[in-house]
Structures are given as structure tokens and as C-alpha cells.
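Protein chains in written order, with numbering that gives the first Met the number 0: chain A, 0 to 310; chain B, 0 to 422; chain C, 0 to 275.
Because the hints were derived from the structure by calculation, they are not lab data.
Any given hint might turn out to be false.
[Claimed, not checked] Short, incomplete list of chain A residues facing chain B, as computed with Cβ under 7 Å:
id	residue
1	P46
2	T135
3	D136
4	F275
[Said to hold, decoys possible] Once the Cα atoms are required to be at most 30 Å apart in a straight line, the calculated DSBU-like pairs of lysine-lysine come out as:
id	chain 1	residue 1	chain 2	residue 2
5	B	K157	B	K313
6	A	K172	B	K397
7	C	K192	C	K166
8	C	K59	B	K255
9	B	K335	A	K145
10	B	K238	B	K403
11	C	K104	C	K166
12	C	K59	B	K281
13	B	K255	B	K178
14	B	K61	B	K335
15	B	K281	B	K238
16	C	K104	A	K104
17	B	K281	B	K397
18	A	K301	C	K59
19	B	K115	B	K133
20	B	K178	B	K403
21	A	K226	C	K166
22	A	K159	B	K233
23	A	K72	B	K397
24	B	K61	B	K238
25	B	K255	B	K281
26	B	K335	B	K178
27	B	K133	B	K157
28	A	K226	C	K59
29	B	K238	B	K180
30	C	K59	B	K335
31	B	K363	A	K72
32	C	K104	A	K226
33	A	K145	B	K115
34	B	K363	A	K145
35	A	K159	B	K255
36	B	K61	A	K159
37	A	K159	B	K180
[Stated by the list, open to error] Now the in silico label distances, taken between C-beta atoms and shown as ranges:
id	chain 1	residue 1	chain 2	residue 2	range
38	C	A17	A	L37	48 to 58 Å
39	A	P87	C	S261	42 to 52 Å
40	A	G57	B	G206	24 to 34 Å
Predicted model, so just to flag it, every value in this text is computed and none were measured.
Glycine included, C-beta positions come from ideal geometry on N, C-alpha and C.
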Amino acid sequence: MKLPAALRLSPEWAPYVFLSPFVVLFGVFGLFPLMFSLYLAFQSWEPTSGLGAMAFVGLDNYAFALQDEWFWKSLGNTAWLALASGVPQHLVAIPLAYFIHTSFKRLRNGVVGAYFMPYITSTVAISILFSSLLSTDFGLINVGIKAMSELPGIGWLFPKHPVDWLNEPSNIKPAISMIVFWRYVGFNVVLYLAALQTIPKDIYEAATMDGAGRLQQFWYITLPSLKPMIFFGVTLSVIGGLQLFEEPFILTGGRGGSDQAGMTTAIYLYRMAFDFNDFGAASAMSWLLFILVALLTWLTNKAFAPRGPSA
Amino acid sequence: MRDGTQSMRSRRAWTGLCLLALLLPTAQAQETLTIAAFPAVDEIVRAAIPVWKRSHPTVDVKVVSRQFSDHHTAMTTALSTSFYLPDVMALEVGYVGRFAQGGGLEDLSRAPYNIKQFQSRYVPYAFAQATSRKGAVVAAPTDIGPGTLLYRADVLAKAGVSEEELTRSWDSYVAAGVKIKANTGAYLMSHARDMKEIVIRTGIQPGQGLYFDNQSNVLVTSPRFVRAFELARKVRQQKLDARVGAWSTEWSEGFKRGTIATQMTGAWLAGHLNTWLAPSTKGLWRAAQLPEGAFAAYGGTFFAIARGSPTEHKALAWEFIQLMTLNREVQLAAFKAQDAFPALLETYDDPFFEQPIDFLGGQKARLGWRAATTHIAAVDVHKQDAFADEVINTELDKVLDRGKDIATALADAQRLLRQRAYR
Amino acid sequence: MKFQTDRLAPWAAYGVVAVGTLVMLLPFYFMFVFATHSRTEIFSLPPPMFFGDDFFNNLKILTERMPFWRNLGWSLYVAIASTVLTLMFCAMGGYAFALFEFRFKNALFGLVMGTMLLPSFMNMIPTFMIMDVLGWIDQPRALYIPGAASAFGIFLMRQFVGSSIPKDLIEAARMDGCSEFGIFWRIVLPLLKPALGTLGLITFIASWNNFIGPLVVMRSPEMYTLPLALRSLQSPVNTEWGALMTGSAIATLPLVVLFVLSSRQLISGLTAGAVK
Numbered sequence: 000m001k002l003p004a005a006l007r008l009s010p011e012w013a014p015y016v017f018l019s020p021f022v023v024l025f026g027v028f029g030l031f032p033l034m035f036s037l038y039l040a041f042q043s044w045e046p047t048s049g050l051g052a053m054a055f056v057g058l059d060n061y062a063f064a065l066q067d068e069w070f071w072k073s074l075g076n077t078a079w080l081a082l083a084s085g086v087p088q089h090l091v092a093i094p095l096a097y098f099i100h101t102s103f104k105r106l107r108n109g110v111v112g113a114y115f116m117p118y119i120t121s122t123v124a125i126s127i128l129f130s131s132l133l134s135t136d137f138g139l140i141n142v143g144i145k146a147m148s149e150l151p152g153i154g155w156l157f158p159k160h161p162v163d164w165l166n167e168p169s170n171i172k173p174a175i176s177m178i179v180f181w182r183y184v185g186f187n188v189v190l191y192l193a194a195l196q197t198i199p200k201d202i203y204e205a206a207t208m209d210g211a212g213r214l215q216q217f218w219y220i221t222l223p224s225l226k227p228m229i230f231f232g233v234t235l236s237v238i239g240g241l242q243l244f245e246e247p248f249i250l251t252g253g254r255g256g257s258d259q260a261g262m263t264t265a266i267y268l269y270r271m272a273f274d275f276n277d278f279g280a281a282s283a284m285s286w287l288l289f290i291l292v293a294l295l296t297w298l299t300n301k302a303f304a305p306r307g308p309s310a
Numbered sequence: 000m001r002d003g004t005q006s007m008r009s010r011r012a013w014t015g016l017c018l019l020a021l022l023l024p025t026a027q028a029q030e031t032l033t034i035a036a037f038p039a040v041d042e043i044v045r046a047a048i049p050v051w052k053r054s055h056p057t058v059d060v061k062v063v064s065r066q067f068s069d070h071h072t073a074m075t076t077a078l079s080t081s082f083y084l085p086d087v088m089a090l091e092v093g094y095v096g097r098f099a100q101g102g103g104l105e106d107l108s109r110a111p112y113n114i115k116q117f118q119s120r121y122v123p124y125a126f127a128q129a130t131s132r133k134g135a136v137v138a139a140p141t142d143i144g145p146g147t148l149l150y151r152a153d154v155l156a157k158a159g160v161s162e163e164e165l166t167r168s169w170d171s172y173v174a175a176g177v178k179i180k181a182n183t184g185a186y187l188m189s190h191a192r193d194m195k196e197i198v199i200r201t202g203i204q205p206g207q208g209l210y211f212d213n214q215s216n217v218l219v220t221s222p223r224f225v226r227a228f229e230l231a232r233k234v235r236q237q238k239l240d241a242r243v244g245a246w247s248t249e250w251s252e253g254f255k256r257g258t259i260a261t262q263m264t265g266a267w268l269a270g271h272l273n274t275w276l277a278p279s280t281k282g283l284w285r286a287a288q289l290p291e292g293a294f295a296a297y298g299g300t301f302f303a304i305a306r307g308s309p310t311e312h313k314a315l316a317w318e319f320i321q322l323m324t325l326n327r328e329v330q331l332a333a334f335k336a337q338d339a340f341p342a343l344l345e346t347y348d349d350p351f352f353e354q355p356i357d358f359l360g361g362q363k364a365r366l367g368w369r370a371a372t373t374h375i376a377a378v379d380v381h382k383q384d385a386f387a388d389e390v391i392n393t394e395l396d397k398v399l400d401r402g403k404d405i406a407t408a409l410a411d412a413q414r415l416l417r418q419r420a421y422r
Numbered sequence: 000m001k002f003q004t005d006r007l008a009p010w011a012a013y014g015v016v017a018v019g020t021l022v023m024l025l026p027f028y029f030m031f032v033f034a035t036h037s038r039t040e041i042f043s044l045p046p047p048m049f050f051g052d053d054f055f056n057n058l059k060i061l062t063e064r065m066p067f068w069r070n071l072g073w074s075l076y077v078a079i080a081s082t083v084l085t086l087m088f089c090a091m092g093g094y095a096f097a098l099f100e101f102r103f104k105n106a107l108f109g110l111v112m113g114t115m116l117l118p119s120f121m122n123m124i125p126t127f128m129i130m131d132v133l134g135w136i137d138q139p140r141a142l143y144i145p146g147a148a149s150a151f152g153i154f155l156m157r158q159f160v161g162s163s164i165p166k167d168l169i170e171a172a173r174m175d176g177c178s179e180f181g182i183f184w185r186i187v188l189p190l191l192k193p194a195l196g197t198l199g200l201i202t203f204i205a206s207w208n209n210f211i212g213p214l215v216v217m218r219s220p221e222m223y224t225l226p227l228a229l230r231s232l233q234s235p236v237n238t239e240w241g242a243l244m245t246g247s248a249i250a251t252l253p254l255v256v257l258f259v260l261s262s263r264q265l266i267s268g269l270t271a272g273a274v275k
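Can you make the complete structure from the sequences, with help from the hints?
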């Protein structure tokens, strides 16, 4: 069915037409909230008084945020959690992907699938599940630890008393990190596995003939070739880690835990807005967080981004 | 409204029908009131619908119920934009204070509501809780939570402690706890925090709120806080608390197994214990007044109308609220079914109060609770109360768990709160 | 020395991977086991290790407390609609970004990518405002239409189009007299199949698990999607753990099935876009 020439889309206009549905939606649902939140960061607003109650306060919200002990505390928590859950993910995923790549042929899809499972499950379901698994007196994890502590030989490694995961401030962070690690390590295994599959086998064969051991091959061939994928994966982990919200939210019942040990900046923002009803400060903080994320993403770019054609 | 596009023809058909509907004289318009609530208030509202229908047969009632905190978040969101407000919203006491300062709720003391004509019919402190600093009454109380001390009579008997010893003074309460621990191994309370919660509510002067006074000065270094912290620390040092959080599984197990001897709480906990927390301990519990003549409120529900709610329904919404809060039948039904202690004074002569409660070993506990309501004082609310709550709890945890010095802890809290007092 | 580690290494590898797999899957096993036990059994010592007989009882509680099957239905509807719409919009957008030059191209793309960096719930109130103005509160379309402008989706599409569709092919088709839409529909789309499959899967999963979106725009329990509905069972006062586990298990199943059927697709598509 050919339209008359006058109505046909010219190559010049084509990109605009193809892009327009996306741009329209983005403008309404992506840009407007962004602008609103930026505007709000300069206002003082207690939400239940309605929209008319906004009052311009300039940089006051930002000043407040930067002096707020809890804001810095939440940043510290977020950084700790992002590192504690993010770094092991990659440190484990790379060798793991390498093992799977070299040692599993038929079972590969099954194994990878198993590791990927936590990623596809809903955070609500996972957090509910772990709330019960981490229960101090009845949770399976503590039951498991107790059983392990009674084994001869390695028993001394495990604490004898039940660990209070969810109430003891010093335990909340490890608990959350464990869960986030469990959730995302498979995702990274998948990324690295695929990248490994693109490294040509001949390089390894040539290296073996030259007498290089497996460890040397891993260090000098595998790792550098993985650089682009490491960049992609780490960027995602940085962004995700800094915005961590759902897992700690459900585990600590929306509050961030005792001594705010599990309160990430995202949770603190949520609480500022909906528990303490200070939307202006919450917006200002979210923009400060945004600046931080942008900065760290840029740094990751500098550290890992592929420069020029890869070898 | 169906999702998806409609063809020209069906659109025309709909327009035609609508016009027809408008033209036909309607005998009686069917209206619907939307009530937003949370468990178990939703059940109470639903139970009242047949009573409502007697006087308002053409007005349907739709109950939108959400989980407790999601409900209040949704109300905050709705109030912030004045969009999608229900006709009537149920609010828990903690949120009434917050929303009252905001000005998003209708002032029921004004015309056409004139709630002050009913003021004498409500429990005084509950009515005061719904009154903002400027004198606006933003909600009507429907149920209250008179504070009580629930204790295991069998554990006390085994330890040789009398109820009088338990409640004479805070110091005797703690001493009783030592005896109980020594003779039965049970904990006095579930968490030392409970001690702090009550003691900071004693001795509040007029013009003072819990954490802030009317001029937003921070009060956390005052004697009642110091005493509260000291008592809590004593409880912890003597290992008298089970260190379990309220509503956690360990907490409910503590009740089931009799390892927690007392709990300071709202009267409604007795109902929960009976229904699902620890039904097997029926007959072993008793209720007493809080130690040292302290009186406090734990919870309480209110109904409010938002300023931005549909105006054409406001009159009906007010009538519904009157039904829920001023109708004896409805209030008593809620009491009997859901343990919602009435905020309506005239229900207090009902024989239900004199009935022995099986769970409490036949004790006529409602009489004691009823008596307590006259002694409870309303506490002024401040915008930053929720934040202050958390700061104090955090400092208390540091005192209890890490041995932080009390004066330093309170000074730190003071500093943190001063930063925010004027926001 | 080398000989010994070469023999040991594969076995160590198998061991580590096996333990890891177990750790990954064990929580799921327990989710399904707990789904068949009552609340008191779940929180008893020792906790149940094998399947019990309370499944139907839990299901009964579940369906009594909330319109569970209806919520499941909505989750399905929204996920499918979301997938279809997102694929359409992002494919078209990605095509435009990858193979055309136009003004503001880089600035626009940068802006879109930038939005990925903001925490999503800060949008709660403005999104709520827009939804109300549009009259979309409590409507499923509020869930699947905004998501169609997915930054991740357009990023993936752009990568894939850019790397697998040569410009000459488009030029040739143009010279043959093919219309712009024709080129897109008949040439580009079929070549995009792997990427479409991948993005489709990711979008489906994200939509199915979305919790914050429905929290903001859904008012009535009959309109909830699954994660939100499950949360309504979580009361500080009286959590029905057995029913909650059952609900979570059922909520997980469709995704598991979907994943098992298409894992190869998903994995290869994800990485094809990222490696380039």
C-alpha cells in the first residue's frame, strides 16, 4: 500500500516521527517529574497542606541537607552497602564465570539459570522470605549456623548464640549485603560469561604453547579482554548500589533499622518525604544524591571505559 | 471505563445513552461515600453500614482499605495534591497530629459541622488530641487506647510478688522484676524501651508537648527524660527485659511461653492475645493500672474530612462520622467485635463494661480502663515528633547497648532536634 | 606442582559452583516449602524442612484476604501490555537514534540516560499529579504507558541496531523505493528479533515485579498487582506468614517458567548489546 508522494515520510523527517512516541511519553512522565522535583528542592513544602502551601526558600533545603547528621549517616550506610554488596559480586562473578565457561558444557545453561533465579524474583517476595529466614530464634539461617557451630573442626568459626540479624545495628548491614549479593551475583555471572565467550580460543592455545600457566593466562589474557564488560557491570552496580531502596526497605519495615543502620539515602529520602513530611528537603537530598551518582559514574567511566579499539 | 479505543459507532451510542439518562427524571440519585481506612477499622466501618442504610437508604458506602502505613502514605499523597481524596478518612492518632498542623483537614468546629456542641460527649483527652494548637478540631475520635499493665498472674504468684508491689512505684516495679527473674526466670518486660515510653509521658506541664514546647524549644534534657533513661538502663542492667521488638515473632512467642511477665500497652492488646497472639494463656493474665499512677494513651483512631474532598458529599460525610462516633450502637458493636475502646462517653454505662473477661481470668478489667480514661492528659503535638521519636529511641539504644552516658546521649539528641525544630 | 593443581582445579571448580548453586536455590526451596505450612509451623523450632499439608488452607486465607486471582490477572495484563508497548516505542526510538542524524540527538540521548540516575520514588508525587489530571488513577494504563519510555530499553535498542544493521542496507532499500515505515517494518524489525526478545523478557520481569508504581497510582485492592497485594498481607500486627509465602511462591512461578523457556535468548541478547 503506497501513499501518494506528498504524504510519504521523507528520510529527513523520519527520525522525528519514529522518535515522537517515545519523546512524548518521556516528556510527560520523565521530564515533568524531574522538573517538579527540581522546583521543589527550592521550596519549603509540607505536603498535607496542599499545593498552595509551597514557599520559596532558595538554597535553604540544600544547606539543611548538607548539615544534617542523618543525611551523612545515610550516605555512609549507602556507601558501605554498595561496596559490601557490589565488590564481592564482581570478585566472585568473574572467576565463577571463568570456571563455568571452562568446565561445564552440557550443564552450563542449567547452572547459569540457577544463579540467575534470584534476579528475576520480586524484591517483595524475596524480602518477605528473608524476613522469616533471618528471624533470630526461628530463622533457618540461625538454625543452620547453630548446626554448623556444633560440627567438630570448623565449629569454632560459628557463633554459639543466635545472631540477631534484623535488630542489632551491627548485623543489619551484613544481612542486607548478603541478600543483595545473593540477588545480583548471577546477573553479573551472565554478563561475564557472555563476554568470555567472545574471546577467541586461539589466543589461549597460543599462550599454552608458549608455556603460560592457567593463572597467567587468566591474568594477562582474560582480564584485559573483560574490561568493557567490567565497565558495564560496575556502572550498573554503582548506580544500583547508590540507589538501594527496596531490599532494606522491606527488611527494616520501612524505617531503616535500629540506629538507622540499614537506612540508605534512598530510604532516608522516602522517610523525609512521607514520615517527616518535609518534601523540600527530600527533593534537595535527592538531587545531591543524583550529583553523587553522576560523579561516580563519570569516575567509573574514566577507570574502566575502553579506550580506542580493543586488542 | 474500558481500556482501549472505542469505535465511532460505540462512542455515539454511549453519548446517546448518557443524554437519555440525563433527560430522564431520576426518582432518587444513588450516591456513594468513599471511606478510606486500614485493618481493623475497615471491619468496623463495614459493620456499621447496615445501621447507616437505615437512615440513608440511597447512599452506598465504599470502603477502601490499605495496609496501615500504605494507607497513611496514600492519604499524605492525596492531601498533598488534593486529588483523589476520600470523603472520610480514618487516621491513627500519630498522624492526626501531623496532619492537623498542616491545615489540609476540615475544621470541624466551624459551621456546618459545629462539633463543639458534641464535645462533652467525647472522652476529653481524645477530643483534645484532635484539636490543633490554633483551636481547630480536625477529626472526631472513634476509639481510644487507654494504657494498662497486663501481667501474668501465675508468674507473679510463683515469684511471690503482689500486684500492689508491681504498681506502687517505678522503683518497686523494677524491684519486683528482679524477684520475678530470680524466682521464675521470666523477664519483666519485652523491651526496656517500653519503660522509657511511659516515663517520658509523665509530668508534662501545660504548654509542653512530648519533645518540644509551644515555642519549639527542645525538652529532651528535662528531668522526665533523664528519669526515663535511668529506669530503662536499670532494667537492662539487671537483665529484666527480653530485648524483643513489639509484634515480632519472638515477642509473640514470649507471650505464648510465659517468658514475658508484664506488658505496658493499650487495653486492646488483651483482645489480640486472646485471638491470635497467645490464646493458650487464657485465664493467666490480669490487667492493672500503670505503675506509679501513670496514665497514658496507646493509639486511638479518628475520622476526618479533608478540605479538598468533594464538597457535595461533605454534609453526608459529616453525618457518617457522627454515626460512627456518636452512635451508641455502632460504638458498642465495634467494642465488642474488634476491641475498639469507645471514645463516646455515654457508652460507658453499658453493662458490657461490667462483664468479666474470660481471658483475664474473669476480671472486670473494662472498669479499670474506663476509670483510666478520665486521667489521661492529651499531649500537644509538634511537627517533628516523628523524627524526635526516632532520635530518642536511637540514643536510648546506645545507652542500653553500648553503655553511652545518659547526659551525653540526651545532649546529642538535643542538638539534633534543635537543628530541625523550626522546619 | 603444575600437574597437581591441574588435576585439583576442575574438582575444586565443580565443588565451588555446586555449593554456589545450592546457596542460590535454597531460599526458593524454602519459599515453596513454607507455602505449604501454616504460620505457627513456619515459626517453630525446628522449622519445617519438607512439604506440609497446609497449602490449600493458605490459599484459602490468601483468597479471602485479597482478590488474589484478580491481582494475578492484572499483573499479567499489565506486564504483557507493558512489554508490547515498550518494544514498539523503544525499537522505533532506538532505530532513530542509531541510524539517523538529527539536531539535538546527543543532548536528547544524554538527557534520557540521565533520568536513570534519579531515585524513582521521588517521582511519586508529580507522577500522582499527572495521573490524576489524566484521570488514570486506579487504571492499569497508568502502569504500562509511562514505562514504555524506558531509558534502558532505548539504550539497548540503540546499541543493537547500531551494531547489527548496516546503513547500506537501509540506503539500498530506500533507493529501491521502499517507504520509511516499510523499511522499519520489513527490514529492520526482523533483524532485531533477538534484541526484541531480550528487551521483552526484561520488561516483562520488571513490570511483574514493580512495586512502587502501583503503590502510587492504585487505590482499590481489586486493581492491585501482585507485589502490592502481597504487601497488604504484611501487617505489623498480624502477618499471615503461610498465606504470604504461598502468594510469593505463586507470584514467582510464571517468571520461573518464562525464564526456563527462554534463558538462552535472554542471556545472549543481554550480552550482545553490552559487549559492543
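Evaluation of the provided hints:
1. The interface hint given for P46 of chain A is met, as the beta carbon of that residue sits about 3 Å from the closest beta carbon of chain B, less than 7 Å.
2. For T135 of chain A, the interface hint holds, the least distance from its beta-carbon to any beta-carbon of chain B being 6 Å, beneath 7 Å.
3. Interface hint status for D136 of chain A: upheld, as the beta-carbon distance to the closest one in chain B is roughly 5 Å, under 7 Å.
4. With its C-beta approaching chain B no nearer than about 5 Å, F275 of chain A sits inside the 7 Å limit, and its interface hint holds.
5. For a cut-off of 30 Å, the pair hint linking K157 of chain B to K313 of chain B is broken: about 58 Å separates their Cα positions.
6. A distance of roughly 17 Å separates the Cα atoms of K172 of chain A and K397 of chain B; the hinted pair therefore holds under the 30 Å criterion.
7. This hinted pair checks out: K192 of chain C and K166 of chain C have alpha carbons roughly 18 Å apart, not beyond 30 Å.
8. For the suggested pair K59 of chain C and K255 of chain B, the alpha carbons sit about 26 Å apart, so the restraint of at most 30 Å is met.
9. Annotation: proposed proximity of K335 of chain B to K145 of chain A is violated, straight-line Cα distance about 45 Å (limit 30 Å).
10. Our distance criterion of 30 Å between C-alpha atoms is met by K238 of chain B and K403 of chain B, whose separation comes to about 17 Å.
11. Annotation: proposed proximity of K104 of chain C to K166 of chain C holds, straight-line Cα distance about 18 Å (limit 30 Å).
12. For the hint pairing K59 of chain C with K281 of chain B, the CA-to-CA distance comes to about 28 Å; that is within 30 Å, so the pair holds.
13. Distance check on the hinted pair: K255 of chain B and K178 of chain B sit about 21 Å apart at the alpha-carbon level, within 30 Å; holds.
14. For the hint linking K61 of chain B to K335 of chain B, the alpha-carbon distance of about 23 Å falls within 30 Å, and the restraint holds.
15. Only pairs whose Cα atoms come within 30 Å are accepted, and K281 of chain B paired with K238 of chain B is accepted, the gap being roughly 27 Å.
16. The suggested pairing of K104 of chain C with K104 of chain A is violated, with an alpha-carbon distance near 44 Å, which exceeds 30 Å.
17. A distance of roughly 37 Å separates the Cα atoms of K281 of chain B and K397 of chain B; the hinted pair therefore is violated under the 30 Å criterion.
18. Of the supplied pair hints, the one linking K301 of chain A and K59 of chain C is violated, its CA atoms being roughly 56 Å apart against a limit of 30 Å.
19. Of the pairs offered as hints, the one joining K115 of chain B and K133 of chain B holds, with about 15 Å between alpha carbons and a cut-off of 30 Å not exceeded.
20. Distance hint between K178 of chain B and K403 of chain B is fulfilled; the C-alpha atoms sit about 27 Å from each other, no more than 30 Å.
21. With a CA separation close to 28 Å, the supplied pair K226 of chain A and K166 of chain C stays within the 30 Å bound.
22. Distance restraint check for K159 of chain A and K233 of chain B: the Cα-Cα separation of roughly 27 Å lies within the 30 Å cut-off, and the hinted pair is therefore satisfied.
23. Between K72 of chain A and K397 of chain B the CA atoms are separated by roughly 16 Å; this keeps the pair inside 30 Å, and the hint holds.
24. The suggested pairing of K61 of chain B with K238 of chain B is violated, with an alpha-carbon distance near 50 Å, which exceeds 30 Å.
25. Of the pairs offered as hints, the one joining K255 of chain B and K281 of chain B holds, with about 10 Å between alpha carbons and a cut-off of 30 Å not exceeded.
26. Taking the CA atoms of K335 of chain B and K178 of chain B, the gap is about 37 Å. The hint is violated against a cut of 30 Å.
27. Of the pairs offered as hints, the one joining K133 of chain B and K157 of chain B is violated, with about 53 Å between alpha carbons and a cut-off of 30 Å exceeded.
28. Using a Cα cut-off of 30 Å, the hinted pair K226 of chain A and K59 of chain C is violated, with the two alpha carbons roughly 52 Å apart.
29. For the suggested pair K238 of chain B and K180 of chain B, the alpha carbons sit about 8 Å apart, so the restraint of at most 30 Å is met.
30. With a CA separation close to 26 Å, the supplied pair K59 of chain C and K335 of chain B stays within the 30 Å bound.
31. Restraint check: the Cα-Cα separation between K363 of chain B and K72 of chain A comes to about 50 Å, which exceeds 30 Å; the hinted pair is violated.
32. For the suggested pair K104 of chain C and K226 of chain A, the alpha carbons sit about 28 Å apart, so the restraint of at most 30 Å is met.
33. Between K145 of chain A and K115 of chain B the CA atoms are separated by roughly 62 Å; this puts the pair beyond 30 Å, and the hint is violated.
34. Taking the CA atoms of K363 of chain B and K145 of chain A, the gap is about 46 Å. The hint is violated against a cut of 30 Å.
35. Taking the CA atoms of K159 of chain A and K255 of chain B, the gap is about 25 Å. The hint holds against a cut of 30 Å.
36. Note on K61 of chain B and K159 of chain A: the hinted pairing is violated, with a Cα-Cα distance of about 54 Å set against a maximum of 30 Å.
37. Of the pairs offered as hints, the one joining K159 of chain A and K180 of chain B holds, with about 23 Å between alpha carbons and a cut-off of 30 Å not exceeded.
38. Distance hint check for A17 of chain C and L37 of chain A: the Cβ-Cβ separation is about 51 Å, which falls inside the suggested range of 48 to 58 Å.
39. The hinted range of 42 to 52 Å is not satisfied by P87 of chain A and S261 of chain C, whose Cβ atoms lie roughly 28 Å apart.
40. For the pair G57 of chain A and G206 of chain B, the beta carbons lie near 33 Å from each other, so the given range of 24 to 34 Å is met.
Violated hints, in rising order: 5, 9, 16, 17, 18, 24, 26, 27, 28, 31, 33, 34, 36 and 39; the structure is consistent with all others.
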